[in-house]
Amino acid sequence: MSTTELGMPTGPADHAATRGGTGDQARSAGVPRNDHDVPPTIGVSTGPATSLAYHTGTWRTERPVYVTLTPPCQVGCPSGEDIRGWLGAAQEGTSGYERAWRAIVENNPLPAVMGRICYHPCQTACNRVELDEAVGINAVERFLGDTALEHGWSFDPPAASTGRRVLVVGSGPAGLSAAYHLARLGHEVTIREAAAEAGGMLRYGIPAYRLPRDVLSAEIARIVALGVRIECSTRVTDLPAVQAEFDAVMLTVGAGVGHHVDIPAGAASKILDAIDVLRDVASDHAPLLGRRVAVYGGGNTAMDAARVARRLGAQDAVIIYRRTQAQMPAHPTELHDAIGEGVRVQWLSTIKQIEGPHVKIERMTLDDEGRPVPTGIFEELDADAVLLAVGQDADLSLVTGTPDIDVRDGVVAVDLAGMTGRPGVFAAGDVSPGSRTATFAIGRGALAARSVDAWLAGATPTGPVPVDREAAASRLNTWYYSDAPHQHRRELEAARRVTGFEEVVQGLDAEHAVFEARRCMSCGSCFECDNCFGMCPDDAIIKLGPGLKYEIDLDYCKGCGICVNECPCGAIDLVSEVR
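Under the numbering used here, think of the first position of the sequence shown as 7, with each following residue one higher.
None of these hints come from the bench; they were simulated from the model.
For glycine and all other residues, C-beta sits at the position ideal for the given N, C-alpha and C.
Treat each hint with caution, since some may be false.
Per label pair, the in silico range of CB-to-CB distance [stated by the list, open to error]:
id	residue 1	residue 2	range
1	Asp220	Glu68	55 to 61 Å
2	Gly551	Arg108	53 to 59 Å
3	Arg171	Asp374	55 to 61 Å
4	Asp290	Gln359	29 to 35 Å
5	His157	Arg297	43 to 49 Å
6	Arg414	Asp286	54 to 60 Å
7	Leu554	Thr505	55 to 61 Å
Please model the entire structure based on the sequences and the hints provided.
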């Protein structure tokens with residue numbers, strides 16, 4: 007495939023490649039490095055030698071400067087992945103896959119997992135939406151993660167041992183990420199997990215049709231192979247005791263406790279916490295829910311609970327939510343998939359009473375501020391079971407009443423570096439403030455790991471590194487990118503989905519994954535398309551050779567700004583000249 011077929015620009019003028027060669031080639035050969043160095047002609051000349059006579063660089067009030075900016079996809083990624091970098095490696099095909107995967111796991115040790123469950127805020131931020139559709143970053147990440155599992159790629163060896171021991175409490179995404187990064191830094195890491203198997207909410211909160219258990223287990227096994235010890239069925243109940251045993255402790259307990267809600271109910275009513283149902287199903291102890299199931303709530307857990315109910319035999323699964331679709335906290339793809347599997351949603355409704363199989367519903371309306379208020383209008387629906395999905399909390403029993411650890415609004419208070427008020431105790435993931443998504447947990451786990459490493463070394467832990475400059479869409483010249491349609495992943499047909507827990511969304515094959523990677527516009531980073539070289543009217547751009555980019559000959563650059571305007575990826579600034 008050509009680069010134009012894949013949405014990437016080519017140089018505007020083929021003849022550009024023949025002028026002057028590279029800077030090194032020109033100098034070593036003792037030949038003019040560009041047309042300016044040709045001796046001037048006699049008399050009137052319209053050739054490039056005129057520039058030598060006038061030294062047009064002296065006219066300049068502004069000069070172009072090559073820059074590398076942070077792309078919005080990376081800014082939007084809570085895990086902090088160098089997305090532009092690993093997409094660039096993946097564009098090379100087979101020769102670049104492993105390099106791309108290793109670039110991902112610099113930040114995220116679970117690419118095959120996250121390529122399936124991440125809600126990809128990177129794609130929401132992608133500048134390509136200004137041209138057609140966002141790059142399918144998540145799909146390419148999954149392809150690379152699956153390729154790594156297929157080929158048995160392992161992590162690079164960890165640093166030399168520091169002799170320090172760190173305990174991670176919990177084996178969800180934050181705990182696995184923290185343990186991975188701590189192990190790479192040379193620390194001896196132990197994870198203690200209360201459940202029978204590692205994975206936390208990845209295993210017990212996300213159904214297998216979204217995240218197959220063999221994929222999760224394989225990526226956890228790779229972390230164990232790095233030297234991390236995981237002790238399952240081992241609940242930590244005494245924080246001072248484990249502090250005496252380890253040099254540092256990190257709390258990464260997930261939000262696995264369902265919110266309590268008071269609903270008048272008869273003794274014969276079957277009311278279950280949705281998160282408990284998901285945990286039981288994951289543990290091969292699926293409950294009998296009946297043919298009619300009502301789910302009360304509007305988050306992602308509610309969507310999963312309703313979809314699981316359909317797979318357990320419910321012919322009618324209805325979600326009862328007291329607000330509108332626009333106010334629903336569930337990710338739009340989760341709602342779309344649930345409806346596609348026959349789940350009904352009853353908007354602006356709340357449960358007032360449950361009496362056996364009869365559920366009393368009150369209709370709601372929105373006030374002037376968009377808040378739901380009761381209408382006094384009631385209706386009834388039948389349900390063999392009601393699943394409550396009105397929010398989840400982390401189990402904070404380990405730190406309740408512990409000196410120097412402040413619990414606020416159901417989470418452990420931490421500073422920007424992830425440290426609690428108790429020296430040597432850190433927290434990340436659902437147990438700490440912030441978004442309760444797996445990708446955020448991975449990012450915070452990595453940040454807390456770096457903070458633990460600094461603290462153990464006697465340094466002061468620091469918070470996230472702020473973004474210097476972002477490559478905004480307004481900097482790009484999208485005219486040079488051709489249309490390249492987004493490659494969508496195949497899905498199981500709806501009728502087949504509800505018959506079991508087979509994975510719904512399939513992965514891209516190699517051809518389509520490479521195509522999707524090549525849709526990246528390399529925002530804010532030069533990829534040597536030769537636009538500046540070919541467009542410069544003063545021949546002031548010097549090619550330095552493949553991978554070395556360009557140099558500007560300021561003797562002849564008059565600061566016209568054409569190179570800035572014609573740069574597809576916005577990698578050139580025009581700054582004021584200081585003389």
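Do the hints match the structure? See the list:
1. Asp220 to Glu68: 55 to 61 Å: 58 Å, holds
2. Gly551 to Arg108: 53 to 59 Å: The hinted range 53 to 59 Å is violated for Gly551 and Arg108, with Cβ atoms some 25 Å apart.
3. Arg171 to Asp374: 55 to 61 Å: Because 58 Å falls inside the window, the suggested range holds.
4. Asp290 to Gln359: 29 to 35 Å: 34 Å, holds
5. His157 to Arg297: 43 to 49 Å: 46 Å, holds
6. Arg414 to Asp286: 54 to 60 Å: 31 Å, violated
7. Leu554 to Thr505: 55 to 61 Å: 57 Å, holds
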